[in-house]
Amino acid sequence: MSTQAVTQQPRTGAATRVRTDAHASRLALRIGFVALAVLFAVMTVLPLLVLIKVSFSAPQDIMTARPPFLLYNATLDHWRAILNADTVLGPARHSLVVATGTALFAVLIAAPAAYVISRMSRGWRYGLILALLFTQMFPDVGIAMPVAITFLRLGLNDTDLGLILAHLVPTLPFVAWILVGTFETIPREIEEASFVDGNGKIGTLARVVVPLAAPGIAVAALFAWLKSWNDLVYAIYLFLGERTLPLMTFYYSNRGSVFDTATFAVLLTIPVMLVTLALQRYVEAGTLSGAIKG
Amino acid sequence: MVARSGHFLRRYWLEALMILPLTLYIGLLTLVPVLQAVGLSFTDRYTGAFPSLSNYQYIVSRPDFGEAFINTIGITLMSVTMEMTVGLVLALMLARQFRGRGVFRTIILTPMGVPTLVAGAAMLYFFRTNGYVNEALLRLGLIGLPVYWMESGLRGMFAVALADMWKVTPIVVLLLLAGLEAIPGDVYEAADVDGASRWDAFRSITLPLMMPAITMALIVRAIDAFRIFDVVMVMASRSIPVMSTFVYINYFDFQDPYSASAAATILLLMIVAFIAVYFLLVERRRGELA
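Residue numbers (our numbering), protein chains in the order written: chain A, 294 to 587; chain B, 32 to 321.
Chain B extracted, bound-state conformation (with noise of 0.2 Å):
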């Protein structure tokens, strides 16, 4: 066994030693701070007892925390859905070819080049009390008194996920289309052959096939919404919390690492447990349609 491993080092010694920084990097700087984190959470902060869940019983019990808590989930839905169903219809379009498509695409991808806290700037002054949207609608008559818009709940959740979804509308795009463009075309034919009108073609062809697509844009962008942060802080640093924002002030303002971290952890279990139910789910559907 020694001498097996000796000969494996002596053969592949230079790349075992071009992995060697990276799998160190990650080690040292990502999976040791997470544990940190995580151990901290269960240590209790009075008497240093661990495991405890200590930390956990005092920050479920207070309000913020719950704000915090509902206000990511419902930012992380209603910014997934407007961003998969935006995305798909601009990768839809995108797959055709028209004249000034080019150009098209170069504005559609602008945000991408936009930092994302920048978005959450940009959006300040619309959603403001006397911002732009409250103005539009004034104009238009829908409203008789400005919206107070940057509030815990459902309107603030949805100013936010609207700036989260106009930065990064245009990667759902890119990952689509990509999915877009790997369906062959003679799938169609076959289909335009059997006489499918095209939204059965959509619904039978396209969806299907694209589904790989659709799961990764899916995921990336969930985790992404999770862990929402930049946006926030931006747009409404207190007013509206969300979980990452809930550990940044327990950690700075009220000198608590502990809450912190254990805030940080529920945080990672939420994206866990997301993940876990979305591939319990469509896993399910595709063995019942199979």
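Isolated chain A (complex conformation) (with noise of 0.2 Å):
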């Protein structure tokens, strides 16, 4: 917006404009961008309260040539649909014992070899880190099938052990890159002190670094959740007779079935929502980039 509006602004930049000229400009600007918040902001929020609509839709509010903007005929029969059948407890248990098996793991691989990387000269960090980047280049759907020949043969397809293995391949970068930066802010006179205090590396690790580095373990851990939470692309790979809730969504809205789709996608939303909820004050500054995307 402020660049609309400022191209609007005559280019003299002189200061001999005349005052009410100015100040009337001033009131198109102003009103200008909260008309330009309110569009973003609608926008933003169309697409999900479409979503919680139509769970709640009756069908002759849908199923319809012409169909109307509003709710006008509720209903809770497609929550109740789901909610009752075993549908939703085996793919919402996979989901979260998955899930949480990957950001254990994550963390547990990944901080190790962070704090390692943070400690190292410039030159090989910014290497390293940039070599984990590369790694997030290479098309999921060309790792995951490999993957899934080779986990058929070893028995771990449909299994969650196999999937949270599979997760681990775009998380650990991801949340080494994050946790790269956390012990990259630990300052190293702390290390040292503690060392002339008589703890030894290890002592150092478990009662200084950890302690400290803990909030940015969180988050990493949050992130890498969400990741395997959200993913579809390994699950279609490796999971193929049981489900995960991203899966479900998908087979429904493959099968063409409109308010199944519908209510899955606000259920697997949820607690998406929640954690991202928490983390938002975390994310102000350049501590991510577009690999959180899942």
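Hints in this document: simulated from the structure, not taken from any laboratory.
Treat each hint with caution, since some may be false.
SDA-like, lysine to any residue: derived pairs with alpha carbons at most 25 Å apart [said to hold, decoys possible]:
hint : chain 1 : residue 1 : chain 2 : residue 2
1    : A       : K346      : B       : F135
2    : A       : K346      : B       : N161
3    : A       : K346      : A       : I563
Simulated restraints, written as ranges between beta carbons of each label pair [unchecked claim]:
hint : chain 1 : residue 1 : chain 2 : residue 2 : range
4    : A       : G448      : B       : G133      : 45 to 55 Å
5    : A       : R481      : B       : F285      : 52 to 62 Å
6    : B       : R234      : A       : L364      : 45 to 55 Å
According to the in silico footprint, chain B covers these stretches of chain A (three or more CB under 8 Å from chain B) [stated by the list, open to error]:
hint : region
7    : 321-333
8    : 340-346
9    : 357-371
10   : 429-436
11   : 452-464
12   : 506-516
13   : 543-549
Predicted, not measured: the structure shown is a model, and the values here were computed from it.
Ideal Cβ positions, reconstructed from N, Cα and C, are used throughout, including at glycine.
Please assemble the complex out of the two chains, which come individually in their own frames, going by the hints.
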């Protein structure tokens, strides 16, 4: 907006402009700003409102050539059907176990390595971070296929462990990257002081570094959890009989069942929404990048 | 040499041990699968001959591959252009102080808390033939008959790109905002003293100083857009093929891992080519400016 509004100003830039003129243009700017803000806010919220609306709509509101914009015939049928049936419990359990396992393992594997990288010289550090980001370039579908073939041989398809191992592929580089940033902020002097106090390397790590890095580790774990919870690519390759919540949503949309898709989509979103809202104040700065897309 | 590396290990054994699991994991479960896929793509499916281009010749001759290739590029162009434009505008808005900024920020960032495939599912209700976009256009009298959106081509690309854009614009906003907030305020004061208009200041100060953030956002987003999968699977799993869904469909529906890995390799090359071209262009322009 401000780019648009700014262009409307005369480009003289001179201080000789008539006062009332400046006042009027400032008012116009302000109105334009508010209008644009409202427009963006509405566009952002609309798709979610529509999903929620569909999940509560009676068929005659949706399955018609000219669907009304507002909710006229509300029903709880879709929610009741999904929550009553066993359809939701199995997938929800898989999603929960896999996401939690992924977050746990991601931190266990990435945190030690991230700590070591954070203590390397500048050149090495940048090189290794770039290498980590480079792995994000590989198409998931290309990685998931050989992994699925290997896991089939190992009997890991349709198991929570198999999916956790697969979800670590896109998660680890990202978690390691966040954690390198976290460990970098811990001053080495504190560690040296701990050495002087007679703590060994491991003692220093356990008693000094890990407690100081705890908030960053928690944020990284939550991101890993979200990435796993949202994943469709690896689940679609590895879960052939079993299902996760994203897979359920996909199968319903693929089958063209209008209401179940919306209801499952809302169900899938609720936990993510809560986690993200909790996370929002931590993501203020440049702590993250597109890799959080999930 | 042996003595020195022994010394190195004795001194840094803990560090080596700490970095080992991650290295092994990325090696075994990222690099090896990628190499397997690339290797398979160059293996002839009948004779097992290696290297062979037969898989590439086969998929290039198929019309659905051409569609997937063009759709992927089209969706990436549309989505990245739209989200960078809107993202920049939103970042500039959020960089200012105004009443309700906190609420506005929270609303704008909500799509971050929505799974990607849910973004696709939501857009389904907008772009169905009896969806809300058609309904709105009909009520406004802009169209006489409902438009069929979910087809391969510009309309389908637009619908998918819009879903993708909705989901990821918050991330672009955050990245650009970080770049914007890193610009020191006294640069603007200097420009003010020099009598520069706000547009001039934006063009010659804000934009150049934001270039690192813009580059970062653009590359991160383009990589993701090239790999787009979830949104397309949910919105139009078969009617609008893209590279990623082409890989999936060949592997699962046609039981053809050879074509699938050839397409995955081409997708990887597309991403690498994009990044190379971007850096060449940007670097060259920077060189000219300097």
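Could you tell me which of the hints above the structure violates, numbers in ascending order? 12
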